[in-house]
Amino acid sequence: MNKVQSNKAWFLVLPMLLLVAFSAIIPLMTVVNYSVQDVFDPNTRFFTGTEWFVAMLNDPALQGALLRQFAFSFTILAIQIPLGIGIALLMPKQGWRASLVLILVTLPLLIPWNVVGSIWQIFTRGDIGLMGWGLRELGYGYNITRNPLDAWATIILMDVWHWTPLIALLCYSGLRSIPEAYYQAARIDRASRWAVFRYIQLPKLTNVLVIGVLLRFMHSFMIYAEPFVLTGGGPGSSTTFLSQSLAIMAIAQFDVGPSAAFSLIYFLIILLVCWVFYTAIMNLQKDKS
Amino acid sequence: MSLKLDSIDHVVNGNAHIEGIDLELAPGSFNVLLGRTLAGKTTLMRLMAGLDRPTRGRILMNGEDVTGVSVRRRNVSMVYQQFINYPTLTVFDNIASPLRLARVAKAEITRRVHEVAEMLHIDHLLSRYPQELSGGQQQRTAMGRALVKEADLILFDEPLVNLDYKLREEFRQELRELFKARNCIAVYATTEPNEALALGGKTAVLHEGRLLQYGRTEDVYHRPRDLLTAEMFSEPPINVVPGLVSGREVTFDRSMHFPLNEDLGSLAPGQYHFGVRPSHIGLTPQADDDLELEVRVELAEISGSETFLHVGNELFSLVLHLAGVHEFRVDQPLKVYLPTHRVYAFDRDGAVVHIPSHLGGK
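Same order as they appear, the protein sequences are chains G and R.
FYI, the UniProt record's numbering numbers position 71 of the first sequence as 71, with every residue one higher than the one before it.
FYI, the UniProt record's numbering numbers position 122 of the second sequence as 122, with every residue one higher than the one before it.
So that you can see chain R by itself, here it is in the shape it has in the complex (with noise of 0.2 Å):
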């Protein structure tokens, strides 16, 4: 089944919560929707379901109109961000609901709510209720609902966010391997850039209710459309630097100079804004046309086992990741390298005029 999304606008009382998407999801593909909170990634999952009815635009099932079509007429099936079960009925029973609407029989009931349990590891809870299990298995509970059904469209709305760490790393592995074998279109909403490359597939960046870009997952991260979605997609943000281009040259803010290497000289001379991401700056030199800078410690935050440094002069600031745990003094003077080579350039209006050449380049 495909689903597509034909110039989609969505307004509530006079605002606009959706804007001009267009989207083709193709069958079988695990789709990401990826965005702050308030882009909108809710409001397409429910146009997308047949929640609610887009204000324009159509929405096309194997190229058939389904735009005004109830969900109830819809074969989709959901996943919340909390985690919604019938409390009165057992796990089994849970699971088994959408089939019992369904009026299928009751041995093909048994053997599939059996499936579905083996699948995420609860067919040992299936006579317990909602209320004595764990979030992650009611979480599982949940989800067995959404997959027994067969349903054409999965919609995942951040369905991980109420769960502790380990358990979502977890729960992301055993998601992508139970959608390697279904031909059904997977949506999930995520506000996560690393949730996103952790699961793959395809990912759609939304911002404000536009589709700002689509495309295989590791292509929308490497080969960013323009500022904005490099910004959405990067955790922590990726660091934005203005610069000039004159000759042979560039100057970072009126005060750095470092000589355009033989992947950046096909930029013309003029304003642009430098990417770098937080990963790419290091402690010690990569290569030699790596630029030096010399900056102050402003912050050092520990996450897990990475840590995050801003560092900064009177100039810009800059965020770096580094692996492992390390401990700064506020103030401490450091050298800090930025590899020239991995550097994205964006012109006055954000679109993207350079890509790295290992990235394939622009």
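Only chain G is shown next, with the shape it has when bound in the complex (with noise of 0.2 Å):
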């Protein structure tokens, strides 16, 4: 057989090539540029080389910021999860009554990030707030302004409720795709609840958790609507999380070099994570096979 050599293939992959070029290559270059300068007007600047880079790891403030982020996004997937699973067994399977439950779990999902901050915030309010008035009704002096413990437990109550159901949705249409002849032979081997969900729920739910940690763990490492409306990151910086520092430093002070350092950083952290988990879990699923 001629083999035809050619290479005019890759002019069907330059419109992508294009494409991805605007939409990300070049203004992430473009946050590459500034991170290594020092801008004080669009006429003068100064190379400064990796000095943003230094200088952003050893800032305090962006290090508490750092372990606050890890700890609110370790906590929420730690509750999501589980609870997404366990909502997802108990919906209804078929009939009105699953359509009714589907709609009632996936509303909080369509809700505007700014907005659930702001049904928190009134929800929360000690004065008209429904939660904020009944705790203090119950006698517990609940005040997320000035309580930081108050402040973490409403933050995280407010994302569970916000991407829960997100879990669920991911979860229930993973266990409608078990054929129903496994559940069958399960109860003719006479299997337990618990064997059911461990060897034949869990194992086929695994894809869809492996999405399901990956969107939430990106998705909250991100988070900044919602606290910033909720507490503006307070009390004090008790609950200021990364995006929140980097939107102070880039818009309200305007330091374009070290917030383009930081965004960087930023950016290969979530990288980074994604990328050794998801490799951890498929070498796991390699090793099983």
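Calculated from the structure, these hints are not laboratory results.
Treat the numbers as computed from the prediction; the structure is a model and nothing was measured.
Any given hint could be a false lead.
To be verified - Short, incomplete list of chain G residues facing chain R, as computed with Cβ under 8 Å:
id, residue
1, P179
2, A191
3, Y199
Beta carbons: idealized from backbone N, C-alpha and C, even for Gly.
Got two chains here, each in a separate frame; can you build the complex from them with the hints?
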């Protein structure tokens, strides 16, 4: 057979390359550009090399925000994943009840971030908010503007309320894809409820759970609008997460160089965590088979 | 153990899926449930297993009423059309799973799993996972799970449908061998008459939720109770030609006459449906009293090393089942020979009134 050598196929990839260049590479490169310079005004700039990166990594305020960010992301994952699986298992399988529950469960997902923040801000107010007022009436001095623990608990509760439905929805679709015959076979084998979950349902859920964990990790690591509206990062800086620190630096203080360096570090952390998690899970599955 | 279904009805959302089925399965018997899709085979199996509860009627095991007893309390196992195994367990653990749930001792589990695996020729695959196996091997694993339990009742719901032709033949033979030495009731559902014949044992023919006939497979095949049973238990379906008996003569479709032979002689005058199996009609005369028919070729299908020939004239169509691969032109004129001594006769309600004398007669 005659093999025709031709590189024309590259032209077919070109439109996609252009699109990616404008949507991702070029904006990212401008950030890289800022991160290695000290910019005074449009005409005055100095090359600083890695100076900003070193400064950012040693900034105690940012280190604190990073720690809080990890604490937040892991806490909500630890709650949302099991809770989401549990809800999916309890959801009705068919009929009008299934549709109704599906709508009710997904409702929080449809609400925009800052609206969620506003809802909870009002909900937790001591004077007119149901939760804030209720807790005070019960004798607990609930105050998210003064007590860091209250602020944390409320933010976590808010995120769980907003995003657990996503996990539940993913798991629900995963569970629906298991043929009825598996459950029948398990009943005939006299398998317990736990055995059915452990050996039939959980293995089938692994793939959707990997996607769920990745999505939720990235999402929560970038959280901005909700805590910004709810607590404004307070009391003090106890609920100031990474993106809010970045926004203050870049927009309020207009420190373009440091915030560009910080953005890149931020981006690399997310990339790294997702990559480590994904490879770990995939290797785990490979070892098994 | 014996299993008895006592006038079972099963109604789902106002639709009767099973209607008035009486069936008694003897200990150690191999039973085939034959019927087209939606005949109620799977529903009947689910009722036998105790996965569903019949709307009316009773189910007796060894004479004891088990109608409402959950499947968890019964000693049954089931093999499905899909290959159902635990995906995260090895073949060994899959086969061992029912024993582990029954808290059998470890050494005993190992012994029995190996025994079953050897019987099913998967003993070299015990450390593999189901997704690394071929379809046939996966189904063998599922069968291993069903067999290792030594259940009183084993149900096979079209287990070979998703396997290729060669594997199915192999499986059928082994299956019969496997059950010879066992004292459990085996029930095997299939849509294919030929599979029922190959498996032997006993056959129950189901149609639209009703039991048409139950008995030894050869008996049901050779001595169908009515036209519907004969049609269900024949692949390709039995040829049916309406005819009139008057005096000493049969008239097919007002045009073709032939004298009643000594075999058919007992038929009273009147309208009948005459049935001839496709494999009995030939291209050459087999006996002197064969009826010669002039027809044209409508279609020739080749299946494996056999040919299904569809022929007809203005009055009727017939299907011939010929051994070997033959070539025919469409519209080619042809003479076919219908052996009158192998003809079944059914009355206008479909009940059988004549069975060829070499099959016992009637």
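Each hint, compared with the structure:
no.	hint	in the structure
1	P179	holds, 6 Å
2	A191	holds, 6 Å
3	Y199	holds, 5 Å
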